[in-house]
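A.B. asks: The lines below spell out each chain.
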Amino acid sequence: MSRGKLDLDPVTVRKARALARKAGRPIVEMAQQHTTVSVERATLRMAGLEGADGDGIPWANRLLDVVRADVGLEHGVALPVWDALVRGEAEDLPTLAQKAGAGSVTFRVPEGRDAIRAEKAARRQVAAGLRRIDRRRTERDRLIRRHGDAPRKPWIYLIVATGDIMEDVPQAQQAAREGADVIAVIRSTGQSLLDYVPEGATREGFAGTYATQENFRIMRAALDESSKELGRYVRLTNYASGLCMPEIAVLAGLERLDMMLNDSMYGILFRDINPVRTFVDQRFSRQVHARAGIIINTGEDNYLTTADAVEAAHTVTTSQLLNEYFAKEAGLEDWQLGLGHAFEIDPDVPDSLRLELAHALLARELFPDAPLKWMPPTRHMTGDVFRGNLLDGFFNLVGALTGQGILLVGMMTEAVVTPWLSDRDIALQNVRYVLNASGALHEDFRPAPDGFVAQRAKQVLGESVDLLERIVDDGLLDAIADGTFGLMKRPADAGRGLDGVARKSELYVNPAVDLLEEQS
Amino acid sequence: MSIVRPYGDTTGDGMVQLSFTLPVAHSKVAEGAAVQLANKMGMDPALVVHSKPMGPDFTFFVVYGRVNHLVDTSLVEVVERDYPLLTPKEVNGAVKSSLRRRLVVVGACIGTDAHTVGIDAIMNIKGFAGEKGLEYYRELKVVNLGAQVSVPQLVERAREEKADAVLVSQVVTQRDAHLLNTREMSAAFREAYPADRRPLLVVGGPRFDETMADELGVDRVFTRGTTPGEVASFLVHRLVAPEVAA
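Top line first, the protein sequences correspond to chains A and B.
For the first sequence, full-length UniProt numbering gives the first residue as 1, with consecutive numbering after it.
For the second sequence, full-length UniProt numbering gives the first residue as 1, with consecutive numbering after it.
Hints were generated in silico from the structure; no laboratory data involved.
Don't take each hint at face value.
Taking CB as the label site, the calculated pair distances span [stated by the list, open to error]:
#1 B:Leu70 / A:Asn436: 43 to 51 angstroms
#2 B:Phe20 / A:Pro368: 40 to 48 angstroms
#3 B:Ile3 / A:Asp348: 50 to 58 angstroms
#4 A:Ala102 / B:Arg224: 49 to 57 angstroms
Now the stretches of chain B that chain A is said to cover, found in silico as 3 or more residues with beta-carbon under 8 angstroms [stated by the list, open to error]:
#5 49-62
#6 139-152
Bear in mind the structure is a predicted one, so any value in this text is a computation, not a measurement.
Glycine included, each C-beta is placed from N, C-alpha and C at the ideal position.
Could you build the full structure based on these sequences and the hints that come with them?
C.D. replies: Following this line, the structure appears as structure tokens:
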């Protein structure tokens with residue numbers, strides 16, 4: 001059997017995966033023992049509860065808040081809600097939510113035959129929602145067959161972010177015409193800390209556009225038009241991160257988004273969201289993505305924006321291994337793992353390109369069947385746009401040489417302005433030139449077995465194994481609390497959203513969780 | 001010589017380069033329009049060296065040309081550093097001998113701004129541009145509240161920690177959010193503290209104008225490229241008895 005271009009020791013690779021499993025297993029068990037407000041609201045949304053009250057508070061939030069006040073969160077939302085429906089408190093879920101909001105329904109936790117009836121009714125309605133998600137997945141497969149897929153790898157991934165969905169649409173369509181295979185609509189700054197999903201089409205946001213079900217629908221419809229026009233299926237990406245990961249995952253499945261940013265630790269490290277909340281939400285959201293055929297993108301690039309890209313290279317590998325374990329445990333397959341990494345080494349460091357090649361190739365060899373997400377330089381983009389364009393060219397070259405699956409297009413105006421029309425054009429010209437000029441150069445690129453690149457890759461893998469051993473000894477939650485990743489210290493008993501977590505009771509029922517578990 | 005003009009390859013040639021996009025389909029007319037714009041900007045002669053269609057409705061241009069403007073460097077107004085630059089050791093020494101306690105610095109990104117890159121560059125031990133951040137300074141007690149901190153939260157933490165200085169970073173500038181947030185922050189501190197007890201207010205970010213400190217109600221504005229050492233030196237300059245700091 002070939003040992004790839006880096007001749008990585010298979011025993012070490014197996015050991016790394018075994019350690020990641022060992023570190024992740026207790027987290028999965030903890031996730032199974034807890035639920036969160038967002039998991040329960042996601043269940044309501046899967047069952048078809050949409051819309052918001054006059055103040056813009058979603059009915060899913062209104063209903064859950066009443067249920068929680070009456071009977072607590074620990075039994076789950078399904079039993080009390082469908083018990084009320086079976087009892088005839090309201091003819092359907094939206095009406096029940098409105099009545100609950102008006103204070104005219106009292107919830108209880110049914111027992112015995114009432115509980116069985118409520119669970120059955122809940123399961124029927126949630127299963128119908130899952131079937132809607134299944135149909136969207138089939139529809140994607142059909143559209144890819146009809147229009148054709150992206151013409152090459154890596155897929156070219158471009159960002160739009162105006163704050164106004166109506167302005168995003170023409171920008172995204174233009175970006176697709178210019179060659180983008182994937183459009184990402186960046187979210188408004190701050191959405192990750194909202195404990196509800198905003199409602200409707202939105203035309204104002206800060207440095208991005210709110211993720212709402214309606215915005216998802218509008219953009220997917222626009223890109224369906226583009227796919228038809230261009231004769232290739234254009235993918236749409238958004239973000240399942242922050243306090244509403246599970247709900248956004250459901251909405252993404254319902255509106256046929258194709259990729260979602262979904263990192264196991266990003267919210268903890270960079271948004272100070274409680275670790276328990278994050279891991280519970282993350283697991284559910286990934287189970288939904290698995291079902292919806294969505295490719296996840298993980299966020300390891302972020303570590304390198306706060307920690308040094310050479311010193312911290314092994315934390316990226318470690319996080320990729322953990323993300324892989326959590327993803328597979330949640331039912332995602334290799335083709336759905338857009339594991340992240342980035343070109344962030346200080347260009348003034350000698351041999352920085354060789355180091356980048358070593359790190360990128362290590363990720364490629366370690367995860368041969370995953371469509372890795374390759375992220376451009378941001379930290380050392382200084383405002384010197386000429387140097388920035390050159391740096392992006394080398395980033396593209398490393399992407400081509402190491403067979404990356406998803407290439408986020410770097411902008412020479414990174415850190416200066418949100419990309420102008422011309423910036424995007426220049427950036428895409430850069431990508432096209434490098435990909436065309438290098439062609440299948442990756443076939444010829446075989447680093448010398450004892451050379452700098454191969455040795456560096458082995459060193460990073462070795463450091464990653466050492467770190468995983470320490471994490472297994474300390475426990476992952478303690479490692480996070482100690483600032484192992486991205487230099488952020490995040491204790492398990494602090495952070496945002498902790499009050500939305502409950503330990504499941506004996507009576508806990510959630511048909512969404514049950515149905516999703518049955519899939520894997 | 002205080003009168004200068006741009007330098008291409010000969011003193012006084014006044015040569016500049018410029019790139020921009022016009023919302024006009026690529027054509028002779030579009031190129032003429034680009035020359036007209038360059039002329040109006042003071043470039044004469046203006047040479048369109050590159051024009052490229054970007055989609056059906058836009059054209060991108062690169063223009064080289066000679067400008068007829070002169071600049072007078074004696075009339076330029078900037079905020080020069082008006083305090084001595086100290087090493088970490090000197091900062092620690094000054095704080096220790098003068099305050100006889102650690103100087104407390106509370107930092108945050110306020111509003112919805114989630115970009116901690118600025119505040120982290122200044123405060124995290126990792127630092128910026130080869131300088132260690134404020135956490136590295138033994139005599140500074142650094143409390144980094146991170147991103148998306150509300151103004152009331154910031155005031156409360158500043159009180160709890162008995163902050164000597166408050167550092168606020170603002171990266172997001174859409175609809176002048178950085179200016180609005182800064183004014184809200186400085187107003188809140190003025191309301192919450194008597195004038196002589198208020199912590200030193202320092203704001204920083206890539207899009208601030210250093211001359212706006214008074215207008216924003218803060219003690220200092222730092223902009224792109226500021227290093228932790230500059231911030232630490234400024235804090236010492238303003239908060240520690242001057243004879244010690246000098």
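A.B. asks: All hints, please: hold or fail.
C.D. replies: Each hint tested on the structure:
The beta-carbon spacing between Leu70 (chain B) and Asn436 (chain A), approximately 46 angstroms, falls within the hinted interval of 43 to 51 angstroms. For the hinted restraint 40 to 48 angstroms between Phe20 (chain B) and Pro368 (chain A), the CB-CB distance of approximately 45 angstroms keeps it satisfied. Checked against the hint of 50 to 58 angstroms, the C-beta distance between Ile3 (chain B) and Asp348 (chain A) comes to roughly 36 angstroms, which is inconsistent with it. Distance hint check: the CB atoms of Ala102 (chain A) and Arg224 (chain B) are about 53 angstroms apart, consistent with the given range 49 to 57 angstroms.
Check on the segment 49-62 of chain B: 5 of its residues sit with their Cβ under 8 angstroms from a Cβ of chain A, so the three-residue criterion for coverage holds. Check on the segment 139-152 of chain B: 3 of its residues sit with their Cβ under 8 angstroms from a Cβ of chain A, so the three-residue criterion for coverage holds.
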